[in-house]
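Asker: The primary structure of each chain is shown beneath.
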Amino acid sequence: MSPANDNDINSLTKIYSEFTMPFFLPTLLFLIPLNVFATSGVYQTNHDFLNDVFNSHPPKPKVLWITKNIKQLATKILGNRPKQLRVRYWGNKNQTAWILEEIGKEKLITFGIVIEKHKIKSYKVLSFKESRGWEIVQPFYTDQFNNVSLLENLTLDKSIDGISGATLSVRASKKMAQLALLFNKYAK
Amino acid sequence: MSKHQHHKKRHYTLHYLLILTHRWIGFSIAIFVLLLSITGIMLNHTQELSLPEHKINNSYILSWYGIKMPSHQSYHQIKKSMIVQLGERIYFNDNLLVKTTALIKGVIELNEIVVLITDKHLYLLTYDGELIEKLSSESGLPTPIEGITKHLMPNGDHQIFLQAKSNWYTSSDDFISWKKTTIPKEIQQITTHKYGPDSHILKHYQKIYLGDSFSVERFILDLHSGRILTKLGVYFMDIVAFFMIILTLSGSYIWVKRTFR
Numbered sequence: 001m002s003p004a005n006d007n008d009i010n011s012l013t014k015i016y017s018e019f020t021m022p023f024f025l026p027t028l029l030f031l032i033p034l035n036v037f038a039t040s041g042v043y044q045t046n047h048d049f050l051n052d053v054f055n056s057h058p059p060k061p062k063v064l065w066i067t068k069n070i071k072q073l074a075t076k077i078l079g080n081r082p083k084q085l086r087v088r089y090w091g092n093k094n095q096t097a098w099i100l101e102e103i104g105k106e107k108l109i110t111f112g113i114v115i116e117k118h119k120i121k122s123y124k125v126l127s128f129k130e131s132r133g134w135e136i137v138q139p140f141y142t143d144q145f146n147n148v149s150l151l152e153n154l155t156l157d158k159s160i161d162g163i164s165g166a167t168l169s170v171r172a173s174k175k176m177a178q179l180a181l182l183f184n185k186y187a188k
Numbered sequence: 189m190s191k192h193q194h195h196k197k198r199h200y201t202l203h204y205l206l207i208l209t210h211r212w213i214g215f216s217i218a219i220f221v222l223l224l225s226i227t228g229i230m231l232n233h234t235q236e237l238s239l240p241e242h243k244i245n246n247s248y249i250l251s252w253y254g255i256k257m258p259s260h261q262s263y264h265q266i267k268k269s270m271i272v273q274l275g276e277r278i279y280f281n282d283n284l285l286v287k288t289t290a291l292i293k294g295v296i297e298l299n300e301i302v303v304l305i306t307d308k309h310l311y312l313l314t315y316d317g318e319l320i321e322k323l324s325s326e327s328g329l330p331t332p333i334e335g336i337t338k339h340l341m342p343n344g345d346h347q348i349f350l351q352a353k354s355n356w357y358t359s360s361d362d363f364i365s366w367k368k369t370t371i372p373k374e375i376q377q378i379t380t381h382k383y384g385p386d387s388h389i390l391k392h393y394q395k396i397y398l399g400d401s402f403s404v405e406r407f408i409l410d411l412h413s414g415r416i417l418t419k420l421g422v423y424f425m426d427i428v429a430f431f432m433i434i435l436t437l438s439g440s441y442i443w444v445k446r447t448f449r
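These protein sequence lines are chains A and B, in that order.
The first sequence maps to residues 1 to 188 in the working numbering.
The second sequence maps to residues 189 to 449 in the working numbering.
There's no promise every hint is true.
Said to hold, decoys possible - Computed list of chain A residues with no C-beta within reach of chain B, every gap over 10 angstroms:
1. 45
2. 61
3. 76
4. 100
5. 103
6. 107
7. 117
8. 119
9. 138
10. 146
11. 158
12. 162
13. 174
14. 186
Unchecked claim - Computed cross-link-like contacts, DSSO-like style, restricted to lysine-lysine with a CA-CA straight-line distance of at most 30 angstroms:
15. B:368 <-> A:60
16. A:60 <-> A:83
17. B:322 <-> A:121
18. A:175 <-> A:83
19. A:68 <-> A:107
20. A:105 <-> B:243
Said to hold, decoys possible - Far from chain A, some chain B residues (derived; all Cβ distances over 10 angstroms):
21. 357
22. 364
23. 365
24. 440
Just so you know, these hints were derived from the structure itself, not from any lab.
Bear in mind that the values here come from a model prediction, so they are computed numbers and not experimental data.
Note that the Cβ used here is the ideal one computed from N, Cα and C, for glycine as well.
Chain A on its own, in the form it takes in the complex (with noise of 0.2 angstroms):
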């Protein structure tokens, strides 16, 4: 095999230049977009989540009050006491929407839980605001909380998979879920 020439050296630039180049560059540039919007953001609206939930009839909210008996186990949850005394959720007994907030690291991550007969039907990260641990928004992720219930000690009745450098956003997830299961115990 003889070794490379010049003539050889600009067919291959050629055909790199030609041919390459105009299916690398946009592929880049329409992947950085994405790569951005991955990361952090708003996900869904607290509205649109509604609307997606209730075939864009959202009932009225209704609000559960945080009383003692909730305020304790809340915190066992939580790890420190709820942040407010009452809570709005969409719904009636048989299934509630929950939107609730917690900091993962340092921002705050803004879930939407639907819970049909006690058990998690679907869940969501509705908005994004860390610069890092945005992987729990992915389906691969928050699938696992399908059908998931709480059991007495306030524990998942499933083990969920973490996600390895998401550790505080992936607590905070599963913080949210517990918490509104709990609530929905109490909803009326």
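Fit chain B to the known structure of chain A by using the hints.
Answerer: Coordinates of chain B only, in the frame set by chain A:
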């Protein structure tokens, strides 16, 4: 001088220089090694020593860091409670309620609930300062909020009216939802319960604000890294670390030479 004597002299000079270097570097950086060791031990036990919880109160240190009372301050009194905004912090009595860049636009009390508004949020609080709920546009609150007022209705109850987007809104279901309404011009006054604090209250909140600003942990970290003297301090600590490396190497060399002479 023979070749052997020449080499011996060079060797003696190098050794002597190393001893001198080791001695003078050791002497020069001793105090910094002490500082690094003590701050290092403290940082290793930051939780046990509760360093993040303890705050710096010393005025010289605070002024070195440029921490001072913010220019924007507003004081509101509801019954016996104070709601105070100092820069980005809103306090209910002595407790930090929320950090926000928004300014308080009004404070009102109704049926044992305190209602506090900024342009984007409405905070429902108990008289003890416990947060009942924080409302935003996501919870149906009309925004941007311009003001709030309260009016005695014919049925004898007080009603809250919220001014937003140049309209008036009211809620009849415990602030769950809002609907547009019209109110007579004579009651369209914004209620703030603003209060002109005396020097005693000013000093009290100055102490709270400044005492809340800066943890001991942060100060120890900056001492340890040299960051307390900004970038120059960091480079200086880098030089100290470099000298410590030289100290280790020269000390090891001297010990080996002495031991295996």
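Asker: Hint by hint, note whether the structure agrees.
Answerer: Structure-based check of all given hints:
Its closest Cβ contact with chain B, about 7 angstroms, brings residue 45 of chain A to no more than 10 angstroms, contrary to its assignment away from the interface. At the 10 angstroms boundary, the C-beta of residue 61 of chain A falls inside the reach of chain B, the nearest C-beta of that chain being 6 angstroms off. Against the 10 angstroms criterion, residue 76 of chain A stays outside the reach of chain B, whose nearest CB is about 19 angstroms from its own CB. Non-interface status of residue 100 of chain A relative to chain B is upheld: no Cβ of that chain comes within 10 angstroms, the nearest being about 12 angstroms off.
Distance check for residue 103 of chain A against chain B: the nearest CB is about 12 angstroms away, which clears 10 angstroms, and the non-interface claim stands. With a closest Cβ-Cβ approach of about 13 angstroms to chain B, residue 107 of chain A is found to remain outside the 10 angstroms limit, as its non-interface label requires. A cut-off of 10 angstroms between C-beta atoms confirms that residue 117 of chain A is not in contact with chain B; the least separation is 26 angstroms. A cut-off of 10 angstroms between C-beta atoms confirms that residue 119 of chain A is not in contact with chain B; the least separation is 26 angstroms.
For residue 138 of chain A, the non-interface assignment is confirmed: its Cβ lies about 23 angstroms from the closest Cβ of chain B, beyond the 10 angstroms cut-off. Its beta-carbon lying about 25 angstroms from the closest one in chain B, residue 146 of chain A satisfies the requirement of being farther than 10 angstroms from that chain. Every CB of chain B is more than 10 angstroms from the CB of residue 158 of chain A (nearest about 30 angstroms), matching its label as outside the interface. Look at residue 162 of chain A: its CB is around 23 angstroms from the nearest CB on chain B, clear of 10 angstroms, so calling it non-interface holds up.
For residue 174 of chain A, the requirement that its beta carbon stay farther than 10 angstroms from each beta carbon of chain B is met, with the minimum near 23 angstroms. Every CB of chain B is more than 10 angstroms from the CB of residue 186 of chain A (nearest about 17 angstroms), matching its label as outside the interface. Pair hint residue 368 of chain B plus residue 60 of chain A holds up; C-alpha atoms about 17 angstroms apart against a cutoff of 30 angstroms. A threshold of 30 angstroms between alpha carbons decides the hint, and for residue 60 of chain A with residue 83 of chain A the separation of about 23 angstroms falls inside it, so the pair holds.
Restraint check: the Cα-Cα separation between residue 322 of chain B and residue 121 of chain A comes to about 27 angstroms, which is no more than 30 angstroms; the hinted pair holds. At roughly 14 angstroms between alpha-carbon atoms, residue 175 of chain A and residue 83 of chain A fall within 30 angstroms of each other, so this suggested pair holds. For the proposed pair residue 68 of chain A and residue 107 of chain A, the alpha carbon gap of about 28 angstroms is at most 30 angstroms, so the pair holds. Restraint check for residue 105 of chain A and residue 243 of chain B: the C-alpha separation of about 22 angstroms stays at or below 30 angstroms, so the hint holds.
Taking the minimum C-beta to C-beta distance to chain A, about 16 angstroms, the non-interface status of residue 357 of chain B holds against the 10 angstroms cut. Look at residue 364 of chain B: its CB is around 6 angstroms from the nearest CB on chain A, not clear of 10 angstroms, so calling it non-interface is violated. Not every beta carbon of chain A lies more than 10 angstroms from that of residue 365 of chain B, the smallest distance being close to 7 angstroms; the non-interface claim is violated. Listed as outside the interface, residue 440 of chain B is consistent with that label: its C-beta sits roughly 39 angstroms from the nearest C-beta of chain A, beyond the 10 angstroms cut-off.
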